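Each chain, letter by letter, is given below.
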Amino acid sequence: MSVEQAVRAGAPIAAVRRARRGRVRPGVLAAAVLLGLILLAALAPSLLAHGSPTDTDPVHALQAPGGAHWFGTDQLGRDVFARVVHGTRYSLAIGAAATGAGVGLAVVWGLAAALSGRFGDAVLMRAADALLALPGLLLALMVVLIAGKGVLGTTIAVAVGTAPGFARVVRAQALVVRRSGYVESAVALGVPRPLIVLRHVLPNTLGPLLVLATVTLGASISTGAALSYLGLGAQPPTPEWGAMLTEGQGFLEQAWWIALFPGLLLVSTVLAVTVVGRHAQARAEGRAAS
Amino acid sequence: MTPPHISAAVRAVTARAGAAVLVVWGAATCAFLALHLIPGDPVSAIVGSNALVGAEQREEIRHHYGLDRSPLVQYGAYLKQLATGELGDSYQLQQPVSSLLADQIGPTAQLALWSSLVAVVLAATVTVLTSGRSRWPRRVSSAVELLVVSTPSFWLGIMLLTVFSFRLGWLPVSDSGDARSLVLPVITLALPIAAVLTQVMREGLLGALEQPFSLTARSRGLAEHTVRSRHALRHAALPALTLTGWFTGTLLGGAVVVENVFARSGIGRITLQAVSDRDLPVVQGVVALSAVVFVLVGAVVELLYVVVDPRLRKGTGVAAA
Amino acid sequence: MTTASTTKPLFEVAGLNVRFGTGPGEVHAVRDAAFSLDAGRCLAIVGESGSGKSALARSLLGLAGPTARVTADRLRVAGHEAREFGPREWRAVRGRRVGLVAQDALVALDPLRPVGKEIAEPLLTHRVVPRREAGARVLALLERVGVPEPAERARAYVHQLSGGLRQRALIASAIAAEPGVLIADEPTTALDASVQSRVLALLGELKESGTGLLLISHDLAVVEALADEVAVMKDGRIVESGPVGRVLEAPEHPYTKSLLAAIPGSGPRRERTVVAPGDGSAPLLDVSGVTKVFKGARGSRRTAVDEVSFALRPGEALGLVGESGSGKSTLARMVLGLAAPDGGTVELGGAPWSGLRERDRRERRHTVQLVPQDPLSAFDPRWSVARIVGEALATAGVARAERRERTVRLLKQVGLSVEHLERRPLALSGGQRQRVAVARALAPSPRLLVCDEPVSALDVSVQAQVLDLLRSLQEELGLATLFISHDLAVVREVCARVLVMKDGRIVESGPVERVFAEPAHPYTRALLEAVPRRARAAVERL
Amino acid sequence: MHPPHPRRTPRRTALLSVLLLAAVSACSSDDGVAPAAQAKPRSGGSLTYAAQQEPDCWDPHTSAQDVTAFVQRPVFDSLVYQTPDGELEPWLAKSWKTSEGGRTYTFELRDDVTFHDGKHLDAAAVKANFDHITAKATQSQYAAGLLGPYKGTAVKGKYEVEVRFSRPYAPFLQAASTTYLGMASPASLKAGADKLCAGTDSVGSGPFKAGAYTRGQKRGYTRNAAYAWAPKDAGHSGPARLDGFTIRFLTEDATRVGALTSGQVDAAAALPANQIAAVRRNTRLDVVTKDVPGAVDTFYLNTKSPLFTDERVRKAFQRSVDLDALVKSVFQGTGTRAWSTLSPATPHSYDSALERSWPSDRALAGRLLDQAGWKGRDAEGYRTKNGKRLTVVAPVYGKASVFSQAVQGDLKKAGIHLKLAASTDATAVSAQLDEGRYDVVETSWARGDGDILSSFFLSTESSEGGGHNFAKVTDPQVDAWLKKAQAATSPDKRAAYYAQVQKWTIDHAAVVPAYVQKASVGVNKKVHGLRLSLSAWPEFYAAWVEAGR
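Chains A, B, C and D, in that order, are what the protein sequence lines are. Its first residue numbered 1, the first sequence is counted upward by one per residue in the numbering used here. Its first residue numbered 1001, the second sequence is counted upward by one per residue in the numbering used here. Its first residue numbered 2001, the third sequence is counted upward by one per residue in the numbering used here. Its first residue numbered 3001, the fourth sequence is counted upward by one per residue in the numbering used here.
In case anyone wonders, no lab produced these hints; they're calculated from the structure. Treat the hints with care, as some may be off.
Residues on chain D that point at chain A, a partial pick, calculated with CB under 7 angstroms [claimed, not checked]:
#	residue
1	A3270
2	P3272
3	I3276
4	A3278
5	N3282
6	L3326
7	Q3405
8	G3409
9	K3419
10	A3422
When the alpha-carbon atoms are kept at most 16 angstroms apart in a straight line, the in silico EDC-like pairs for lysine to aspartate or glutamate are as follows [claimed, not checked]:
#	chain 1	residue 1	chain 2	residue 2
11	D	K3195	B	D1103
12	C	K2207	C	D2228
13	D	K3419	A	E247
14	C	K2234	C	D2032
15	D	K3136	B	E1059
16	D	K3136	B	D1103
17	C	K2234	C	D2459
18	D	K3094	D	D3117
19	C	K2412	C	E2476
20	D	K3328	A	E247
21	D	K3388	D	D3370
22	D	K3190	D	D3117
23	C	K2234	C	E2476
24	D	K3413	A	D55
25	C	K2502	C	D2192
26	D	K3412	D	D3361
27	D	K3385	D	D3361
28	D	K3412	A	D55
29	D	K3136	B	E1056
30	D	K3094	D	D3233
31	D	K3413	D	E3546
32	D	K3094	D	D3194
33	D	K3304	D	D3434
34	D	K3412	A	D57
35	D	K3399	A	E247
36	D	K3190	D	D3131
37	D	K3413	A	E247
38	D	K3094	D	D3111
All of these numbers come straight from a predicted model, not from anything done at the bench. Glycine is no exception: its CB is placed at the ideal position from the N, C-alpha and C atoms.
From just these sequences and the hints, can you work out the full model?
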């Protein structure tokens, strides 16, 4: 089908051109492989790292990366490589769980606002504004104090932090879908309202938000690390990347490896997730050039 | 009877003011509930863990701060305080919260304003520079943006400090008298915001370049970069303006970390201290303040939105043929 | 750059090829095109969408797009060989030597800048006048293109102007730097018929005053009104060219012939078996005194439909004609129960239809179905054809087992086949998509079909096929149809009776032939007047 | 009057030179800088000191924070001065005597002391201060506690004042030497709690006046030119040498240390253990360290908890941890191993005989645990007794320290599971302590007097009453020693009693002393005379700065 015809048919040129360029690029492949490794580390860390992440060995503290310890040892002589690998589970938990919970809450919130009448919509959106009015970190601090420190507290705090902003985006997208031609045709056909929401509104609202969710995943892991920095995240001796970053940051001058490797893993995980997310969205958008 | 468009405008303003009050009330109530849900007795938070204070003195303190009243009564008193702007005394610092916030808002506002300016200018320039014909500047820039977004801000701050302040000694750490001490904190706060703004603006700008009015502009003999800066950039600003809620939230949240790393005085630092010390009046004062700021910024941006996009202006109905 | 001398041709093109993309995905949009255009003359390039006419026009400005590869034996633009043009040379030509008038000014002018500034841009870019005098020159240009109160209009934004005014402003911006030739790419397609003729007259005046005009259009009527020579394009190749009289009256190439035959109302009038209105059966649809008011910005109220009443017998084909903004679409949505009237009632099959709760209305929804204008937005982008039609069948209560077989039967009924089952809407052509929309509408075997501008988004040739389909379905299934269109010629093809709407009110109604022959209301006369000569000639020949 | 030179120039030249030095030292090795000639002490110039913590409340009479005492020491003088090695000598009080068996103290005041607001110091001023501290409205969180069984103060003469207690209270003199019982101008006491707490109304008689203060940023001090009543051993007499100095609050370790190494501040407090070596290597900097007196970082074993009622298990816990190795690695050689609850720096109380008297002996610990029935081993190698794992519960307020985690790791090798229950909820932790739901508490308490032992081991000093008897020692013999020590007037007699208490707690394995708290301050070599007081906080009175560098 020629570019001309596609244009005539109303599909924006950008979407069509992007669809055409959908074959997998090397960058995306590398990101996918890295993501696979990270998932493996989260699910079965002992496969990748034999040592225990919490065994202390003060005599061999602060050893530089070398044969015995690939990533060196920290101030208590613990093997940094084992801690980074075993830490994947906690950081991913915070990132994935928080994003999942945040996005889930946001979808329900946004859809309810878009589908209910003017009054329901106003109340829900003002509530979202109220939460957005609290600086993200302040909200997180308070939630952690209620839900308790550690991985669970941080996850809930980050989820509650992301939900209101995301809810606004879901609502906006849902409103666009609700006014679309195919929803109106479904009404004309006599399809009952809940079925319309399930078959048309929900899938078409979530599709475009896929990339936003991946970017939120990146931001969630980063916020989790910030909470650890403020002393509210995972508690010692849990090998969570954010907590390791905080502890390691004190030794930057002399034992740079304690902070560098968790930081490196954190950044590359976020990069990998975002690149794969962007690619998935470009492909989805190419196919369904709505 | 006032002409229709005047009463409508008044109605619009009152509606927005009403919504603003609702938002501030909502935020304040969230803070009140959150702090009262926190387990533990606030008096021991006031007294701190290493004080030599007997039991009956604890009761004295409890009564002094009215913590012995029922939560509902406390909530009522708290709302009255909020309305009158008299926010009570901080437990830890034993100073009126209003005066405390008043002299601490200066540095934070200075940091926030400069960071916003730098973020927006940086985002606009990078957007125009990287949306040219050749693809590699865009790829490099988006990689850097992703890197900045996913680096925790405290890490960024400490890296900048170690290199520019301690190793090279170009910039002082935090001497409020010396303007140069503002440079690093502003960069630390502005970079992540600019990174996200650039991604959104570039998407907007590339979209605008494929619109028919860009083709018309080119058909008038304009050079590509003029089409980008004179026509497309303005269209790129529209999606960026929708990010206000996130923008203000990140600014205030980021300030907490940046002020801590760069040892700058400001609201952020007090907030962190107040929350961990369970200093209720200060936290509630900060929440009220940030809610008001959020609403004000929201209103300003809504005005900006109408300035940029004339289609939204009220008085511009379709003129007859 | 010498100003274009009157003798040398404005465009001299030979062996022009335009290709998009590379490898398997390559599209060869223009193949060996050759033509020339002199000052004061108009060459029209006619062809359907996908024929490559737009790609050709843009390549003359070097604006065919980043992925385009333009090659030619000769490409002389305004007296210079364009093949060696670098970006700087092209910029010197664009606007100063060659002007472009796009299809829809609403999107072709920057919506965020005042119209005056847009018109002044070419003046300042080519330094035609010093900055001080630009303002005055803009007002002169607006006057030149017939825009009333130019000072006020220059300050306005493009969305504040009506369709006709916007297009005139766009033309003013194109001729601002006094180019020797204008390329007009579908200049009046977005306009209503009445406004269309006045803008065409303006283009004619410009041609008379010596400006060359390269007209790109799919509408032969527009070509007939303006062009001196015409070139017909099909799949990137110029299949026929010559003086307009010769080509339109005695076309040689079969494709040109089929194009001419497809113009609605031009062919011999086929007899319609008209169901006698007075056969006594209760009206299928009874609209009485229906009103709909929209609350606009700042409390202003706009009456879209004002006290409309009409009846529709089973099997009858009723036309509803009016320009954009006349309220015909709002009326259609009320008939479909998608919008609630503020006054008056709608009855369907003898029972009340408006004013019901959606739940009560749902069982009888199968009696009335919609054929939309733009089927692409009426289908869920992620669904295949099978699933789209399947959903309609499921809602009508067809068991899952039979559904696939019934879908195939419906597709055949509308002229499609099994191989379209698994395709997605985007992978179909405009005509095929419209056929799927009809198949979906037929699924619940309705008694009334509401068609809202069903063919206006299609090419002329495809229009004819879809109209034939609708006509045959009416006769075969005894379907009642409410046919809404801005195009009188199309309505005449399909309907027995017609209502003419203006500003929310029905100003005239009656059998099609009577309304066409002796229009009673002045507005209907103006509408008929605006129908391009070719269609009207056919009526006179009757 | 010395020539008026703008205060900023020395700072700017210093900064410029530092920039050059920083650039030089950044790329070349450190030997490029020639050692400065031994300069003579001079008056003039100023210095900047980076503190780790900012006081919440600046009023020493109410605040419980030790940083408040440090930042207000230059402003408030006290009746008695305690020298860095613990001796008490006259200050605002020329002389003092005790009567009625140590229940009454009579002070002979100096007559030449004026406050910063020009008011004169006399007996009435001293009475006003003590009455203000103990007044209910003041809600003092620490100073009132230091006054213990205070009954009242009587003005005997213009410069003679008598302080009375309900029972003999020996620690009063040492308490009177702290800033908490410092003398403020009576007029300033009426300024109200919020002004005093905000630090804007600190009016004392000290060598420096309180200058400008920006919360979260810095506090300035200017020389009190009229100062002429410094104590004998303060290292200087007459007005202070510095024109003034600034304390900047840099809470983030990396920022504070970086500011010191890049010369933006002249001294920095609380150097993290791993930075001390780096700062020492820097030729322009020096590290001043001092042991903190009072109770060292010790594990107090709850002798009444189900697990630790059995002394054999307590002894096994005491002897399992290889503390020498842990202290050396965690503090990278800068830490000092502790053998008694008291720090060696505590005057007239530390019992050096305990050193090396109970070395770590994992074999002995193993045998004791076997005897106590903890024979089994679970999957992770912890010892079990009829199925239950040997778990020692240790409540922690805030974050568990690196040292605690190291001890946890070491105990695991001995099969003992040290459960570090960390929480930021102060109330939950104090409730846990009050109700005895714990096996061990690791804590330390700075105090310039051996009497700290009473608040840790006197049976009446229970946790509910605000005391520190976490080991729940209720032994009449120990109580007797402590009471006698409080009543004893001669230091040697007090030392003897305290020695017996220390030996008892080690022999009965009620405590496991770990390491001596150490204050380490990084100082630029151009700063001289900055010495650490007994409580290991810097004293600015005698400090001076070389010109030009």
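Quiz item: Would the hint on G3409/D stand, with a C-beta cut-off of 7 angstroms toward chain A?
Solution: holds (3 angstroms)
Quiz item: Between K3419/D and E247/A, does the CA-CA distance stay at or below 16 angstroms?
Solution: Violated, at roughly 20 angstroms.
Self-check item: Proposed proximity, E2476/C with K2412/C (alpha carbon, max 16 angstroms)
Solution: holds (14 angstroms)
Quiz item: Taking 16 angstroms as the top limit, are the C-alpha atoms of K2234/C and D2459/C close enough?
Solution: Given that 16 angstroms is the threshold and the Cα spacing comes to 13 angstroms, the pair holds.
Quiz item: Is K3385/D close enough to D3361/D, meaning Cα to Cα at most 16 angstroms?
Solution: violated (22 angstroms)
Exercise. For the pair supplied as a hint, K3328/D and E247/A, confirm whether the alpha-carbon distance does not exceed 16 angstroms.
Key: violated (19 angstroms)
Practice problem: Measure nothing beyond the straight line between the CA atoms of K3412/D and D57/A; if it is 16 angstroms or shorter, mark the hint as holding. | Solution: Answer holds: K3412/D to D57/A is near 11 angstroms, not above 16 angstroms.
Quiz item: Does the structure keep K3136/D and E1056/B at a Cα separation of 16 angstroms or less?
Solution: holds (11 angstroms)
Exercise. Take the C-alpha atoms of K3304/D and D3434/D, compute the straight-line distance between them, and say whether it is at most 16 angstroms.
Key: holds (13 angstroms)
Quiz item: Quick one, are K2502/C and D2192/C close enough, alpha carbons at most 16 angstroms?
Solution: Answer holds: K2502/C to D2192/C is near 13 angstroms, not above 16 angstroms.
Exercise. Would you check the hint for K3195/D and D1103/B, treating anything up to 16 angstroms between C-alpha atoms as holding?
Key: Distance ~15 angstroms between K3195/D and D1103/B Cα, so the pair holds.
Practice problem: Hold the hint about A3278/D up to the distance rule: shortest CB distance to chain A must be less than 7 angstroms. | Solution: holds (6 angstroms)
Comparing the model with each earlier hint shows violations of hints 1, 3, 5, 9, 13, 16, 18, 20, 23, 27, 31, 32 and 37; every other hint is respected.
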